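Novice: If you want the building blocks of each chain, they are given just below.
Protein chains: 2
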Amino acid sequence: MKLSIEDLVDVGRGAAFLGTGGGGDPYVGRMLATHAIQEFGMPELVAPEDVADDAQLCTVAMLGAPTVLTEKAACGDDVDLAVRRMEKYLGRSIDAILPVEIGGVNSMLPIMAAARCDLPLVDADGMGRAFPEIQMVSFNIYGVSCTPLVVTDDHLNSLVVDTGTAKRAEDLVRVASIEMGCSVILSSYSMSGADMKRTAVHGTMSLALEIGRAIARGRHNGNPIDALIRHLRTTPYYSECRVLFTGKVTDLRRETTRGFAIGHCRLSALDSSDRVMEVTFQNEHLVARENGEVRAIVPDLICMVDSETAEPIPVEALKYGQRIRVIGVSAPPVLRTPEALAVVGPQAFGLEDAFVPIENLPESSTSSASPRGTQK
Amino acid sequence: MKLSIEDLVDVGRGAAFLGTGGGGDPYVGRMLATHAIQEFGMPELVAPEDVADDAQLCTVAMLGAPTVLTEKAACGDDVDLAVRRMEKYLGRSIDAILPVEIGGVNSMLPIMAAARCDLPLVDADGMGRAFPEIQMVSFNIYGVSCTPLVVTDDHLNSLVVDTGTAKRAEDLVRVASIEMGCSVILSSYSMSGADMKRTAVHGTMSLALEIGRAIARGRHNGNPIDALIRHLRTTPYYSECRVLFTGKVTDLRRETTRGFAIGHCRLSALDSSDRVMEVTFQNEHLVARENGEVRAIVPDLICMVDSETAEPIPVEALKYGQRIRVIGVSAPPVLRTPEALAVVGPQAFGLEDAFVPIENLPESSTSSASPRGTQK
Numbered sequence: 007m008k009l010s011i012e013d014l015v016d017v018g019r020g021a022a023f024l025g026t027g028g029g030g031d032p033y034v035g036r037m038l039a040t041h042a043i044q045e046f047g048m049p050e051l052v053a054p055e056d057v058a059d060d061a062q063l064c065t066v067a068m069l070g071a072p073t074v075l076t077e078k079a080a081c082g083d084d085v086d087l088a089v090r091r092m093e094k095y096l097g098r099s100i101d102a103i104l105p106v107e108i109g110g111v112n113s114m115l116p117i118m119a120a121a122r123c124d125l126p127l128v129d130a131d132g133m134g135r136a137f138p139e140i141q142m143v144s145f146n147i148y149g150v151s152c153t154p155l156v157v158t159d160d161h162l163n164s165l166v167v168d169t170g171t172a173k174r175a176e177d178l179v180r181v182a183s184i185e186m187g188c189s190v191i192l193s194s195y196s197m198s199g200a201d202m203k204r205t206a207v208h209g210t211m212s213l214a215l216e217i218g219r220a221i222a223r224g225r226h227n228g229n230p231i232d233a234l235i236r237h238l239r240t241t242p243y244y245s246e247c248r249v250l251f252t253g254k255v256t257d258l259r260r261e262t263t264r265g266f267a268i269g270h271c272r273l274s275a276l277d278s279s280d281r282v283m284e285v286t287f288q289n290e291h292l293v294a295r296e297n298g299e300v301r302a303i304v305p306d307l308i309c310m311v312d313s314e315t316a317e318p319i320p321v322e323a324l325k326y327g328q329r330i331r332v333i334g335v336s337a338p339p340v341l342r343t344p345e346a347l348a349v350v351g352p353q354a355f356g357l358e359d360a361f362v363p364i365e366n367l368p369e370s371s372t373s374s375a376s377p378r379g380t381q382k
Numbered sequence: 007m008k009l010s011i012e013d014l015v016d017v018g019r020g021a022a023f024l025g026t027g028g029g030g031d032p033y034v035g036r037m038l039a040t041h042a043i044q045e046f047g048m049p050e051l052v053a054p055e056d057v058a059d060d061a062q063l064c065t066v067a068m069l070g071a072p073t074v075l076t077e078k079a080a081c082g083d084d085v086d087l088a089v090r091r092m093e094k095y096l097g098r099s100i101d102a103i104l105p106v107e108i109g110g111v112n113s114m115l116p117i118m119a120a121a122r123c124d125l126p127l128v129d130a131d132g133m134g135r136a137f138p139e140i141q142m143v144s145f146n147i148y149g150v151s152c153t154p155l156v157v158t159d160d161h162l163n164s165l166v167v168d169t170g171t172a173k174r175a176e177d178l179v180r181v182a183s184i185e186m187g188c189s190v191i192l193s194s195y196s197m198s199g200a201d202m203k204r205t206a207v208h209g210t211m212s213l214a215l216e217i218g219r220a221i222a223r224g225r226h227n228g229n230p231i232d233a234l235i236r237h238l239r240t241t242p243y244y245s246e247c248r249v250l251f252t253g254k255v256t257d258l259r260r261e262t263t264r265g266f267a268i269g270h271c272r273l274s275a276l277d278s279s280d281r282v283m284e285v286t287f288q289n290e291h292l293v294a295r296e297n298g299e300v301r302a303i304v305p306d307l308i309c310m311v312d313s314e315t316a317e318p319i320p321v322e323a324l325k326y327g328q329r330i331r332v333i334g335v336s337a338p339p340v341l342r343t344p345e346a347l348a349v350v351g352p353q354a355f356g357l358e359d360a361f362v363p364i365e366n367l368p369e370s371s372t373s374s375a376s377p378r379g380t381q382k
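Residue numbers (the working numbering), protein chains in the order written: chain G, 7 to 382; chain L, 7 to 382.
Chain G on its own, in the form it takes in the complex (with noise of 0.2 Å):
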C-alpha cells in the first residue's frame, strides 16, 4: 500500500488527535514528509505481519519539546546519518522504518526517513499515541532493547547511546538534547521483525489516517466531533471513548523545562455552569479533572479539539479564551497491563491517581450527554 501526498493531511490531523496534546504539531511533520516524498518518492506502507520475522528494522523519530520542534525542524541530513550512524553500530544493514510513535510529528518523521533512504514503513508503532519519554513504548515494555539509540542534529553530531535500561538512555538523551537545541532526531529500538510482531501497537498508520478522514467527513457534513465519536467507536483500540468537556480556556500555564512543555490549562464550561476542567500535562496531556474529580487519566487518551471544527489543538497552541472540546479516549490493551502501567501509568507521571480505565470512571452528568446532545 501507498500512501498519497493528500493522505498526509488526514495522517497529519488523525496523529494530532492522537498526540493527546503532545509529539509536536504535524504541520510541521507534514511539511517534512511532503517534502522529502517529492524528491524520493512515497515510501511503501507494509503491514506488521507481512514483514519478514528476521528483518532488521530501527525506529526514526524527533525527540525534545514540542515547543521548540515547531521552529526547529529537521533538515533531512540528519535523517539520513541517524539511519546510517544505527546500521553502523549494528553492523547491518536497515529493511525498513518503524514508527515510534503515532501522535503528532512522529507519525510523519518516518513517512520523511523511509522515503530519503528509500525503505519501506511499518503500518505500526510502539504507543498507539504520544509519550514524552524514551522508555514509554510498547516495545520497552515488552523487553525490546531502546539501545544503541542514535541522535543526531541539524549541525550534523551524533551520539550514539547504549545503555543498561532505556530509562538511562532517556536521561542522557535528554541533557544531550538539550544541549543540542531541544529538538533532535532520534533513532532507537532497533529490532527484528518478529519482535515488531510480538511488541508494537499495530495498524496505527491507517488509523490516523481513518480518524484524519473521519473528521473531514465530518466537517463536509457539518458534524466532525461527532463523525470522530462515532468512527473511534469503530476502532480496534478507540473504541471507548467520550466528550469529557466542552469549555474554553480560562487559565493557561505552560513552561519549556527540563526539556519538556510542563503546565497546566484549564477550561470553565460554556454552559453557565461553574464546571471547571483542569488538564495537567507533560508534552502530552496526562490526566483531565472536573472540579477535581478524576474523568480521565494517563495511559488513556486525552485529546483536545476545536469545539466547532474538531481540529486537534496539540499543548503549544493552546490560547486563552479557545472553545474546545475535550475527549477521553482509551489506550490500546498494551498499554493498559500491569507491566505497562509501570512505565506509562500515572505514577510513571509523578501523579498519585491509580488508573481507572476511562469505560470504569463516573461521566459529568452534563458532558455525558452524546456528542450529539453538546452539537449546536
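Please note: incorrect hints may appear among the correct ones.
Just so you know, same-sequence chains aren't split out, so a pair can sit in one copy or run between any two.
[As the list claims (entries may be wrong)] Subject to a maximum C-alpha distance of 25 Å in a straight line, what follows is the list of computed DMTMM-like cross-link-like pairs (lysine to aspartate or glutamate):
hint : residue 1 : residue 2
1    : Lys173    : Asp83
2    : Lys254    : Glu216
3    : Lys325    : Asp257
4    : Lys94     : Glu176
If you're looking for bench data, these hints aren't it; they were derived computationally from the structure. Just so it is clear, the structure is predicted and the values come from calculations on it, not from any experiment.
Assemble chain L onto chain G, guided by the hints.
Specialist: Frame of chain G, contents of chain L only:
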C-alpha cells in the same frame, strides 16, 4: 622500556605536579594502574618515534570534576568498554594507547588501559600538563579530530559522540558526564602514528617520572623544592620556572559546578609582609596574581606544592592554613603558539589578561630569590 610498579609513585607525583592543581588525585589513578598491572602485567612504554606511521592510536582518560574523581573511580570494565566501543566504531583494532594529558589521574588511566587491553603505551600526550576541557589539547589545536569520542560509566553505559568540532563534543560530553555521575571514562582522539608524532607533546610520561624522582631525591637530601627547580631547568619544556610565592592558605573558595571544580585560593606570605597571592582555578590553576599583578598565567603551569616536602597539592586537597609554595613553569612551546593560545590561552577561560610567558613577567622582589634563598 617498561615501567615498574615502584615507578608509578614517581610518575604519579610528577604527574600531580604537571596537573597544576587539576587532573585528579594521582593516588586514585595509581591504585587503579597498580591493580591492573598486578592482574594483567606492565605494558610496554614506547617512544613516539618508534610507533609506526600507520598505527591506530586512541586516548583513554577520566573526565569529570576532580572533586568527584577521588570518590568515583574507574571500575576497569568501563575502561575496556571504552576501547572496545572505539574499535567497533572505527571498524579496526587499536594498536597502542596514547595519554591525552599527563597531569594527575590521567597519567595513570592510560597505563591501566594499556595493561588491561594488552597494548603498548606511547610516551607522549596532548598537553604536557592538565587542562579541564576536551578541546584543550595539542591534537585538536593541530588538526586531529577528537571524535568519534566514547564515554562510558561504571554501569557500563556508553555514548559515542561524533561532532564537527571538539568544543561541541566538549559541551555534549560535559552534560552527559554530569548525568552519568560527574566522572566518566573517555576514549577520544583516535589518530594514526604519523598524526601523533606531528601533534603530540613527546616524552611526557618519562618527564613525569623524572620530575617525581627529582622530588624524591631532593627529600632524601633534605632539599626537595631546590631539587625540583634544578631538575625542571634541565627539561626540554619546563626549563623556565621559578618559585612565585611562599605562603599559607588564608582563603579558599571551591565549588563543584557545571561539572568542574571552580574557585580560587588566597595565600598570605609567611615572611610577615602584606603580600598576598590569589590563584584562580577551573579544575587546573589558571592565573596567579600577587597583590593584583599577574605572576603566571595559563597555558604556563601554576603548581602548588607543600612548602617543605614539595608534594604537589591538587585543588581538591587544598586546606585552610596549609603552607604552600607556588611554582610557575613554562608550558611546552606547542601550547604557546597563537593557534594554541586561541584554545588554551587566558581568553579560552574567560580571563581578560593577555598571555605573557612566565620568563617575561616581573618577579616579586621577595619571591624572586633563588629556591635556595627561601629554603630553611
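Novice: Could you run down the list of hints and mark each one as holding or not?
Specialist: For each hint, the structure was consulted:
1. Lys173 <-> Asp83: between (28 Å within a copy, 22 Å between copies)
2. Lys254 <-> Glu216: Intra 28 Å, inter 77 Å, cutoff 25 Å: neither.
3. Lys325 <-> Asp257: Intra 9 Å, inter 54 Å, cutoff 25 Å: intra-copy only.
4. Lys94 <-> Glu176: Both: 22 Å inside a copy, 23 Å across copies.
Hint 2 from the earlier list is the only one contradicted by this structure; the remaining hints agree with it.
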